[in-house]
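A.B. asks: Protein chains in written order, with this note's numbering: chain A, 1 to 293; chain B, 1 to 117.
Simulated from the structure, these hints should not be mistaken for lab results.
One or more of the hints may lead you astray.
[To be verified] Beta-carbon label-pair distances, calculated as ranges:
#1 T5(B) / A51(A): 20 to 30 Å
#2 L240(A) / N66(B): 24 to 34 Å
#3 A70(B) / Y217(A): 24 to 34 Å
#4 Y217(A) / N66(B): 39 to 49 Å
#5 D19(B) / Y226(A): 23 to 33 Å
#6 D48(A) / T74(B): 17 to 27 Å
#7 L66(A) / T74(B): 25 to 35 Å
#8 D19(B) / Q274(A): 50 to 60 Å
#9 G36(B) / A41(A): 44 to 54 Å
#10 L67(A) / L60(B): 42 to 52 Å
#11 N245(A) / L60(B): 19 to 29 Å
#12 T74(B) / G219(A): 51 to 61 Å
#13 Q18(B) / Y226(A): 45 to 55 Å
[To be verified] Capping the alpha-carbon separation at 27 Å, the derived lysine-lysine pairs in BS3-like fashion look like this:
#14 K27(A) / K181(A)
#15 K180(A) / K195(A)
#16 K187(A) / K46(B)
#17 K46(B) / K232(A)
#18 K46(B) / K195(A)
#19 K46(B) / K58(A)
#20 K58(A) / K22(B)
#21 K27(A) / K88(B)
#22 K232(A) / K15(B)
#23 K99(A) / K187(A)
#24 K88(B) / K270(A)
#25 K22(B) / K234(A)
#26 K195(A) / K58(A)
#27 K86(A) / K88(B)
#28 K180(A) / K22(B)
#29 K59(A) / K234(A)
#30 K22(B) / K187(A)
#31 K86(A) / K195(A)
#32 K86(A) / K58(A)
#33 K15(B) / K59(A)
#34 K22(B) / K232(A)
#35 K59(A) / K22(B)
#36 K187(A) / K234(A)
#37 K88(B) / K170(A)
#38 K15(B) / K181(A)
#39 K86(A) / K46(B)
#40 K187(A) / K59(A)
Cβ coordinates follow ideal geometry from the N, Cα and C atoms, glycine included.
Chain by chain, the residues run as shown.
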Amino acid sequence: MKNLRTLCLLALIALFSHCSTSRNTVKLGNKVAQSGSALVAQVLKSYDLIAQLSTVDKKQQDLIRLLSYPNPAAMQLPDTRGRSLKYLPPKIAAFQSLKLVYAHYEELSDAASKDQINAASAALVASYVAITQLPAIPTSVQQMIPEGAADLTLGNQANKVREQNEAIRKLTSAYFEVWKKDVAPFKAYANRIYKDYYDAVLALPNSRFNPAAIQQYTGTPYRGDYNVISYKMKVRDDALGAIDNVNQTLDQTTDAFQQLIAAHNELSQKPVSQSNIINLTNSMNNTLSKLKN
Amino acid sequence: MLSVTLQQVSDNISKSIQDFDKHRSQLIATAYKQGGNDAVSNLLDKYDSLRNTFFDFIDLQLDATNPQLATLLTQANTITSSLDASVKSISNVNNALTLLDKTINILGGIITIASAV
Numbered sequence: 001m002k003n004l005r006t007l008c009l010l011a012l013i014a015l016f017s018h019c020s021t022s023r024n025t026v027k028l029g030n031k032v033a034q035s036g037s038a039l040v041a042q043v044l045k046s047y048d049l050i051a052q053l054s055t056v057d058k059k060q061q062d063l064i065r066l067l068s069y070p071n072p073a074a075m076q077l078p079d080t081r082g083r084s085l086k087y088l089p090p091k092i093a094a095f096q097s098l099k100l101v102y103a104h105y106e107e108l109s110d111a112a113s114k115d116q117i118n119a120a121s122a123a124l125v126a127s128y129v130a131i132t133q134l135p136a137i138p139t140s141v142q143q144m145i146p147e148g149a150a151d152l153t154l155g156n157q158a159n160k161v162r163e164q165n166e167a168i169r170k171l172t173s174a175y176f177e178v179w180k181k182d183v184a185p186f187k188a189y190a191n192r193i194y195k196d197y198y199d200a201v202l203a204l205p206n207s208r209f210n211p212a213a214i215q216q217y218t219g220t221p222y223r224g225d226y227n228v229i230s231y232k233m234k235v236r237d238d239a240l241g242a243i244d245n246v247n248q249t250l251d252q253t254t255d256a257f258q259q260l261i262a263a264h265n266e267l268s269q270k271p272v273s274q275s276n277i278i279n280l281t282n283s284m285n286n287t288l289s290k291l292k293n
Numbered sequence: 001m002l003s004v005t006l007q008q009v010s011d012n013i014s015k016s017i018q019d020f021d022k023h024r025s026q027l028i029a030t031a032y033k034q035g036g037n038d039a040v041s042n043l044l045d046k047y048d049s050l051r052n053t054f055f056d057f058i059d060l061q062l063d064a065t066n067p068q069l070a071t072l073l074t075q076a077n078t079i080t081s082s083l084d085a086s087v088k089s090i091s092n093v094n095n096a097l098t099l100l101d102k103t104i105n106i107l108g109g110i111i112t113i114a115s116a117v
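In isolation and in its complexed conformation, chain B is listed as follows (with noise of 0.2 Å):
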């Protein structure tokens, strides 16, 4: 059973990368001095491989939320498609007041000419 978290190996290699920071001019150096340009360049390259792994860890953490994007894609669209029912009905709702209003009034039409006769 793994019993370090993503973040806990992402914090480790974010010391190695501050370490090589710290050292970073006597390290350039260091290479120049055995190799010359193509030692630096072969020395950055591992320090931006280093950076990398650190990202790549940053993306493992990412997705350990990315399973419930699907679930959330779904419910978003099934609320929204409700939401839009409920507009509709609202809408529903005016034409149904409007046919109410004028129910009345012809029932107090009838009413009106009942009393009179």
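So here's chain A without its partners, still in its complex pose (with noise of 0.2 Å):
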């Protein structure tokens, strides 16, 4: 009876301490989910961020156009043409995919699943506790309990967020090469649209401004051609704010894209280094927080 006790709490002590892995993994997928569908989003509002660009460029240049006349009076209303790039709504439409998988991984690895099976769990160690109380118990029904207990616990869903994990490691990795190529593009296309508004005003004779207008809305404290020249400045520097936000917005999301491939690196591993993950997702949500766009 004691051997038989003994025997018990090794069982009970190997099913908890399955238990406690399992819930480990379980809670690294659910963080690595979290900051995917966390990173998903920031690439889709970079693609929005770029989106968006066709429209500013519509207006600086429909005022450039507009400014660039001697003789205005005789001159047809600006309306160039907008230019939206054309492969960017097939990319948003692959990036949204990439979210609803995050989503589903987010699911499967959920507190509520986690919490059902801990529950349905924690009823079964407790028969298994009540059984093991009695005075007599039939071999068959020692050899089962533990063994069913340890296949059907949290190991079950533990097991399928490691095989998951792997294969949204690999679909991640291919989605950043693709992110990767459209980096320098975009920045290409951001420099081009406001550098080129930026050097036409520059370029604009100072005889087009009105300095007392000028100085009403910015408040400068200077007089005439040098008040223009303040309001030039101010249009580049404006500008050149508007190209680093875009660099920055795509050089951090480059930076979370890694970190999050990084964290599934880690969740593949055995055994799987809890710190290592809580560190890079971390990391990667400050990257995230960061951003403004």
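Need the complex rebuilt from these two chains, each delivered in its own frame; the hints are there to steer you.
C.D. replies: Rendered as structure tokens:
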């Protein structure tokens, strides 16, 4: 009877330890899934930022065109063609599919599933403890319980989380390749749009501006041409700031992408390093939280 | 064989646009002197065409990754279905656990009765 109790205790310890590792894997899987959702949301925001540039460009170019004519009274109303990038929509659609993948991965590893399974596991273990306290347990029952419990508890969810992590890791890496190749053309596009605007404003004759109106608008204390030139400098600095914002958004999204893939890699390691995954996902979230767009 | 990349071509177009931007005021003034507003419109239309060509090359660079998108979409959809199946199987585990719990309690009851006899 004493030996039987020791055996049961060992089986319980093994079962609890198995549950603890599995619970950890599920929890970390959920952290990676949430980070993945946040990253894809950021990528979609970045695509949106680029998509909006065609409207910015049209407004800027219409204004520049108007101000370029020495005799505006005789000109046609400017209506330059807004030039949107035609390959943005299929990319946005592709990343929306990835968003769906992470939403489902979150569901697979979410707290509700864990809680349900934890509750079911707890009930199972309680029954098991109750049964081991009985005076005579047939050997067939003793053998059945720990095996059945170990197979069906959190381990199942943890295995699914691991298995799907591998597939999502490969898929996200393939998406990252697409993203990386898009970054340089996006930067060139944004640079062209803002630079053409401030170059054109800088090149305009000062006679096109009303220094008094500028003074009212900007509150600068300068006279005449000085005021006009300081306004031109402001336009240039604002445009450079907008270029910088696009570049930073794209670069930091790239960094966050790399951190997410590293977290996926960590989750496929055995044993899983909890601290590495937490550091990587925290670092990724910090990177994303710094972005304005 | 094409020895220049799309990016090199768009960089060259970009330089031409910058050259125009740099001499913009003189170019417009000259055009206006020579042919009035029509000449200015003509010049600015050419400038717009140059910019549109630049944007076409940006599109071509973005198109380079487009063939991969169909594969990625298919893979993403396959994984989503597989995740759905996994979520369902987790719910099934939950049901199985409840069932096992009941079985063990019944077995416990039988053993209790058997040991009392």
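A.B. asks: Within 45 to 55 Å: is that where the Cβ-Cβ distance between Q18(B) and Y226(A) falls?
C.D. replies: violated (27 Å)
A.B. asks: Do the Cβ positions of L240(A) and N66(B) conform to the proposed distance bound of 24 to 34 Å?
C.D. replies: holds (31 Å)
A.B. asks: Within 19 to 29 Å: is that where the Cβ-Cβ distance between N245(A) and L60(B) falls?
C.D. replies: Since the Cβ atoms of N245(A) and L60(B) sit about 26 Å apart, the hinted range of 19 to 29 Å holds.
A.B. asks: For the pair we were handed, K232(A) and K15(B), check the Cα-Cα distance against 27 Å.
C.D. replies: holds (22 Å)
A.B. asks: So if I understand the rule, the pair passes when the alpha-carbon distance is 27 Å or less; does K46(B) with K232(A) pass?
C.D. replies: holds (25 Å)
A.B. asks: Straight-line Cα separation of K187(A) and K59(A) no greater than 27 Å?
C.D. replies: holds (20 Å)
A.B. asks: In this structure, is the beta-carbon distance linking G36(B) and A41(A) contained in 44 to 54 Å?
C.D. replies: Holds, at about 52 Å.
A.B. asks: Regarding the pair K59(A) and K22(B), is the alpha-carbon distance no greater than 27 Å?
C.D. replies: Given pair K59(A), K22(B) holds - Cα atoms ~21 Å apart, limit 27 Å.
A.B. asks: Does the alpha-carbon distance linking K86(A) and K195(A) stay inside the 27 Å limit?
C.D. replies: holds (22 Å)
A.B. asks: For the pair supplied as a hint, K15(B) and K181(A), confirm whether the alpha-carbon distance does not exceed 27 Å.
C.D. replies: Holds, at about 22 Å.
A.B. asks: Hint check: K27(A) vs K181(A), CA-CA at most 27 Å. Holds or violated?
C.D. replies: violated (33 Å)
A.B. asks: Is the Cα-Cα distance between K22(B) and K187(A) 27 Å or less?
C.D. replies: holds (21 Å)
Taken one by one, the earlier hints fail for this structure at numbers 3, 7, 10, 13, 14, 27, 28, listed in ascending order.
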